[in-house]
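Visitor: Using the sequences and the accompanying hints, generate a full structural model.
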Amino acid sequence: MTATTTESSVITSALSVRDLDIFTEQDRQVLFGVEFDLQPGRILALVGESGSGKTTAGLACMGHFRKGLARGTGTITLGRSGTQNVLQMPQQELRALRGRHIAYVPQDPALSLNPAQRIGAQILEVLQIHGYGDSTAERRERVGQVLAEVGLKNDEAYQHRYPHQLSGGQQQRVGIAMAFACRPSVIVLDEPTTGLDVSTQALVLETIKELSERHQVAGLYITHDLAVVAELADEVAVMLRGRIVEHGSAREVLYSPQHDYTKALLDAVPDLEGCHQVGEVQAITSEQVQVQAHQIRQKLELPADAQPLLQVKNLALSYGAAKILNGINLSLDPGESMMLLGESGSGKTTLSRCVAGLNDDYTGTVALNGVELAPGTRKRTASQRQHIQYIFQSPFSSLNPRRTISESVEVPLVMAGVRSKSHRRDRVLEALDQVRLGKSYMDRRPGDLSGGERQRAAIARALVNAPSLLVCDEITSALDVSVQASILDLLRTIQAERQMSLLFVTHNIALARHISQRIAVLQQGKIVDYGHTDAVLENPQHEYTQQLLAHIPSF
Amino acid sequence: MSAAAEVLERPAKLEKKPNLLMRTLRQKQAKIGLALTLLVLAIALFGPLALPWLTGSTSTEFTGRPFTSTGLFGTDNLGRDVFSRFLDGGLKLLVYSALATGIGMLLGVVLGMVAAYSGRRLDGLLMRGNDVLLALPQLVFAMLAITVLGPQGWVLVLVIGVTHAPRVARVTRSAAAAVITEDYIRASEMYAVPRWKILLTEVLPNITGPLMVELGLRMTYSIGFVAALSFLGMGMQPPNADWGLMINENRIALVVQPWGVILPVLAIAVLTVGTNLLTDSLARASANINVGN
Numbered sequence: 001m002t003a004t005t006t007e008s009s010v011i012t013s014a015l016s017v018r019d020l021d022i023f024t025e026q027d028r029q030v031l032f033g034v035e036f037d038l039q040p041g042r043i044l045a046l047v048g049e050s051g052s053g054k055t056t057a058g059l060a061c062m063g064h065f066r067k068g069l070a071r072g073t074g075t076i077t078l079g080r081s082g083t084q085n086v087l088q089m090p091q092q093e094l095r096a097l098r099g100r101h102i103a104y105v106p107q108d109p110a111l112s113l114n115p116a117q118r119i120g121a122q123i124l125e126v127l128q129i130h131g132y133g134d135s136t137a138e139r140r141e142r143v144g145q146v147l148a149e150v151g152l153k154n155d156e157a158y159q160h161r162y163p164h165q166l167s168g169g170q171q172q173r174v175g176i177a178m179a180f181a182c183r184p185s186v187i188v189l190d191e192p193t194t195g196l197d198v199s200t201q202a203l204v205l206e207t208i209k210e211l212s213e214r215h216q217v218a219g220l221y222i223t224h225d226l227a228v229v230a231e232l233a234d235e236v237a238v239m240l241r242g243r244i245v246e247h248g249s250a251r252e253v254l255y256s257p258q259h260d261y262t263k264a265l266l267d268a269v270p271d272l273e274g275c276h277q278v279g280e281v282q283a284i285t286s287e288q289v290q291v292q293a294h295q296i297r298q299k300l301e302l303p304a305d306a307q308p309l310l311q312v313k314n315l316a317l318s319y320g321a322a323k324i325l326n327g328i329n330l331s332l333d334p335g336e337s338m339m340l341l342g343e344s345g346s347g348k349t350t351l352s353r354c355v356a357g358l359n360d361d362y363t364g365t366v367a368l369n370g371v372e373l374a375p376g377t378r379k380r381t382a383s384q385r386q387h388i389q390y391i392f393q394s395p396f397s398s399l400n401p402r403r404t405i406s407e408s409v410e411v412p413l414v415m416a417g418v419r420s421k422s423h424r425r426d427r428v429l430e431a432l433d434q435v436r437l438g439k440s441y442m443d444r445r446p447g448d449l450s451g452g453e454r455q456r457a458a459i460a461r462a463l464v465n466a467p468s469l470l471v472c473d474e475i476t477s478a479l480d481v482s483v484q485a486s487i488l489d490l491l492r493t494i495q496a497e498r499q500m501s502l503l504f505v506t507h508n509i510a511l512a513r514h515i516s517q518r519i520a521v522l523q524q525g526k527i528v529d530y531g532h533t534d535a536v537l538e539n540p541q542h543e544y545t546q547q548l549l550a551h552i553p554s555f
Numbered sequence: 001m002s003a004a005a006e007v008l009e010r011p012a013k014l015e016k017k018p019n020l021l022m023r024t025l026r027q028k029q030a031k032i033g034l035a036l037t038l039l040v041l042a043i044a045l046f047g048p049l050a051l052p053w054l055t056g057s058t059s060t061e062f063t064g065r066p067f068t069s070t071g072l073f074g075t076d077n078l079g080r081d082v083f084s085r086f087l088d089g090g091l092k093l094l095v096y097s098a099l100a101t102g103i104g105m106l107l108g109v110v111l112g113m114v115a116a117y118s119g120r121r122l123d124g125l126l127m128r129g130n131d132v133l134l135a136l137p138q139l140v141f142a143m144l145a146i147t148v149l150g151p152q153g154w155v156l157v158l159v160i161g162v163t164h165a166p167r168v169a170r171v172t173r174s175a176a177a178a179v180i181t182e183d184y185i186r187a188s189e190m191y192a193v194p195r196w197k198i199l200l201t202e203v204l205p206n207i208t209g210p211l212m213v214e215l216g217l218r219m220t221y222s223i224g225f226v227a228a229l230s231f232l233g234m235g236m237q238p239p240n241a242d243w244g245l246m247i248n249e250n251r252i253a254l255v256v257q258p259w260g261v262i263l264p265v266l267a268i269a270v271l272t273v274g275t276n277l278l279t280d281s282l283a284r285a286s287a288n289i290n291v292g293n
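For the record, the sequence lines run as chains U and D. In this text, residue positions in the first sequence follow our numbering: the first is 1, and each later residue adds one. In this text, residue positions in the second sequence follow our numbering: the first is 1, and each later residue adds one.
Note that these hints are calculated values from the structure, not bench results. Quick reminder that beta carbons are idealized off the backbone N, C-alpha and C, glycines included. Do not rely on the hints blindly, as some may be mistaken.
Straight line, CA to CA, 20 Å or less: simulated PhoX-like cross-link-like pairs of lysine-lysine [unchecked claim]:
hint, chain 1, residue 1, chain 2, residue 2
1, U, LYS526, U, LYS323
2, D, LYS197, U, LYS379
3, D, LYS197, U, LYS421
4, U, LYS313, U, LYS526
5, U, LYS323, U, LYS313
6, U, LYS439, U, LYS421
Computed Cβ-Cβ distance ranges for the label pairs, DEER-style [what the hints assert, rightly or not]:
hint, chain 1, residue 1, chain 2, residue 2, range
7, U, SER50, D, PRO137, 50 to 60 Å
8, D, PRO137, U, GLY327, 54 to 64 Å
9, U, THR363, D, GLN29, 50 to 60 Å
10, D, VAL256, U, LYS67, 49 to 59 Å
11, U, THR363, D, GLY124, 25 to 35 Å
12, U, ALA466, D, LEU200, 25 to 35 Å
Guide: In structure tokens form, the structure reads like this:
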């Protein structure tokens with residue numbers, strides 16, 4: 001009886017997961033009855049936020065369980081290798097299975113490729129282990145073939161490169177080539193485009209889609225990015241706390257979601273048009289700019305032609321021969337929010353760090369309220385340091401793991417000379433309240449906090465001194481969409497309440513209409529497009545901006 | 001859904017987080033390590049106090065003819081009671097090696113952190129100077145200094161400590177270099193926190209793991225060096241009782257009077273194993289809040 005059912009599923013699906021439960025070693029259940037089928041030539045997107053169990057489910061398909069997890073129960077059967085349950089296979093058979101019949105593309109190509117081995121040799125290794133082909137010559141031929149398939153050059157010289165000689169997108173395509181090398185029937189992709197910028201992402205997605213269609217490979221695409229799902233997937237399964245809460249064709253799930261969680265998730269995705277409201281607070285858009293700037297001028301009793309809050313003139317910086325920044329000019333009014341948009345390597349982080357005083361070897365001037373600032377923070381006055389606050393990209397690295405949240409947040413106060421301990425504690429509490437972390441967070445350490453909570457704590461550290469300019473360097477790029485939405489909410493509220501200026505650095509153009517009144521597009525150290533958000537988005541002047549707009553995945 | 005929501009809404013248990021010491025001692029190997037270390041420490045500390053009345057003789061007194069079996073472990077080549085000498089011989093060794101380790105760690109950690117943090121030229125200067133010191137064998141250097149300055153306690157401590165420093169500095173520098181690229185260091189820079197304070201409050205707490213391992217290792221080496229120098233006749237001088245010296249004096253009669261060698265060797269070995277277990281688990285506890293659960 002069971003034999004016939006499995007046989008019928010062999011015909012239809014390349015991999016079928018039934019009733020998958022996974023427990024930790026402490027007997028806490030992390031996956032609850034997960035079920036899905038993968039069809040040849042089609043891609044199933046497994047969508048969920050961090051901690052929802054999507055990677056755990058993906059790895060279970062290959063019989064792998066991360067440290068701390070006990071083995072799962074349920075059945076996972078592969079179409080090709082017969083009827084045996086992957087979860088009950090002995091190690092030896094699993095090893096033969098992985099890479100040959102079911103392949104895995106990890107998230108970060110920079111970490112998953114061996115930095116000391118040439119890429120050709122790395123791909124060849126997979127083929128050798130699985131005894132693909134009859135001779136080394138045949139395998140070498142396959143290496144060349146698969147490199148061409150993923151759209152890379154396949155000559156001898158290219159195969160002799162080391163991973164560090166490739167860009168992030170090329171590295172990821174080598175990873176994909178490795179996965180496709182043995183012609184597997186199933187491929188598990190774990191957020192392979194998360195670290196890449198939009199144009200590269202578009203290329204990688206295209207490669208994946210084309211390969212899986214041409215070779216009839218069933219794909220499991222694990223991601224938190226719903227826009228990518230719309231581009232790529234045929235089917236979508238939405239995961240929440242270890243359960244699949246919604247499952248259906250991509251069209252159904254994305255355009256008429258049934259489950260509340262899916263709806264909430266979709267609402268949190270920023271769209272370029274700015275049609276739906278991300279979060280609860282009204283977005284900062286270019287419609288507000290005139291009114292607000294005007295109002296603030298009145299409030300601060302500044303003359304209408306007052307100096308801008310921040311003025312950057314002819315800012316340039318180079319490391320040796322490489323020019324990172326090449327004559328940047330921009331200005332920011334009090335209470336205004338500006339987006340600094342650019343891909344990795346465009347110099348946007350360098351620019352924001354020059355403004356914050358973290359880079360001190362630039363030429364040109366950065367002026368705050370008309371007063372020129374010294375290059376490094378140590379040379380600036382305490383009040384100048386207070387006025388400009390910088391928030392780092394990764395909340396996992398910007399808080400000292402050995403200090404409590406209140407110890408970290410009070411550092412700016414200590415340095416500003418607030419001596420009284422109780423006074424400092426009050427200010428810290430106030431700042432934590434502002435970012436909606438209560439008193440209970442004061443004595444906790446970053447290790448006990450989620451990514452979103454850590455980023456809030458980092459924002460609290462920046463707010464504790466009541467700055468007039470907040471420089472946010474990609475602060476949402478490491479976070480889930482719903483967390484991103486709440487952080488955006490927070491920034492908008494604070495900006496409106498405190499009349500603070502915002503320099504929002506990002507690579508995500510879709511955020512433009514949600515946070516910025518004006519936008520500056522940065523390419524190779526130069527500002528190529530500059531103006532009000534609507535003007536730039538509707539009528540991009542530079543070719544590069546047009547290209548960026550064309551590449552955004554959307555639905 | 002409701003069950004899941006309940007789970008989420010239930011406030012997280014606010015347990016008092018166990019401190020470093022408690023986390024360390026929660027590990028089994030820490031308990032063993034502590035017991036071994038305390039055992040040897042107790043012998044070394046209370047041994048001298050217990051002397052005349054416990055064994056009936058002091059450590060330098062001649063109690064009988066050489067190599068007789070009077071007393072618990074017999075007499076040595078000069079007819080002194082082996083057990084008395086064993087009880088009296090540990091304290092100085094331990095104090096000297098602890099002091100030497102302390103000096104070495106202090107110098108090395110400061111040097112390594114400054115080198116890692118300053119980078120560029122100062123880093124190069126410090127570390128290349130360090131390499132020159134590393135090229136000299138530690139024991140040879142110590143022997144040289146003792147030959148010149150004479151076999152005194154402070155020379156012994158200082159010379160072993162100073163020769164530890166370059167080795168500790170290497171480890172510290174590489175551990176600190178990994179921490180220094182983190183954003184929280186950059187954040188402190190941004191708030192213009194004084195540099196010494198950054199090193200003390202941001203860098204040091206994050207490299208305690210490797211430093212604890214180093215501490216255990218250096219303590220072991222110190223004990224070994226003090227004992228070795230005494231063995232070579234350049235540390236403790238006869239007729240003082242000392243474990244290193246005892247090994248030297250009694251090795252010629254290993255077959256006739258094995259206890260004279262076995263007792264001090266055993267004590268040093270047990271102490272070494274004990275301190276290493278202890279610092280190992282200390283390192284683990286400082287690296288991971290949830291260790292030993």
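Visitor: Each hint: holds or not?
Guide: Status of the hints after comparison with the structure:
no., hint, verdict
1, U:LYS526 x U:LYS323, "holds (10 Å)"
2, D:LYS197 x U:LYS379, "holds (18 Å)"
3, D:LYS197 x U:LYS421, "holds (18 Å)"
4, U:LYS313 x U:LYS526, "holds (12 Å)"
5, U:LYS323 x U:LYS313, "holds (16 Å)"
6, U:LYS439 x U:LYS421, "holds (16 Å)"
7, U:SER50 x D:PRO137: 50 to 60 Å, "holds (53 Å)"
8, D:PRO137 x U:GLY327: 54 to 64 Å, "holds (58 Å)"
9, U:THR363 x D:GLN29: 50 to 60 Å, "holds (57 Å)"
10, D:VAL256 x U:LYS67: 49 to 59 Å, "holds (56 Å)"
11, U:THR363 x D:GLY124: 25 to 35 Å, "holds (27 Å)"
12, U:ALA466 x D:LEU200: 25 to 35 Å, "holds (28 Å)"
Hint compliance for this structure: every hint is met.
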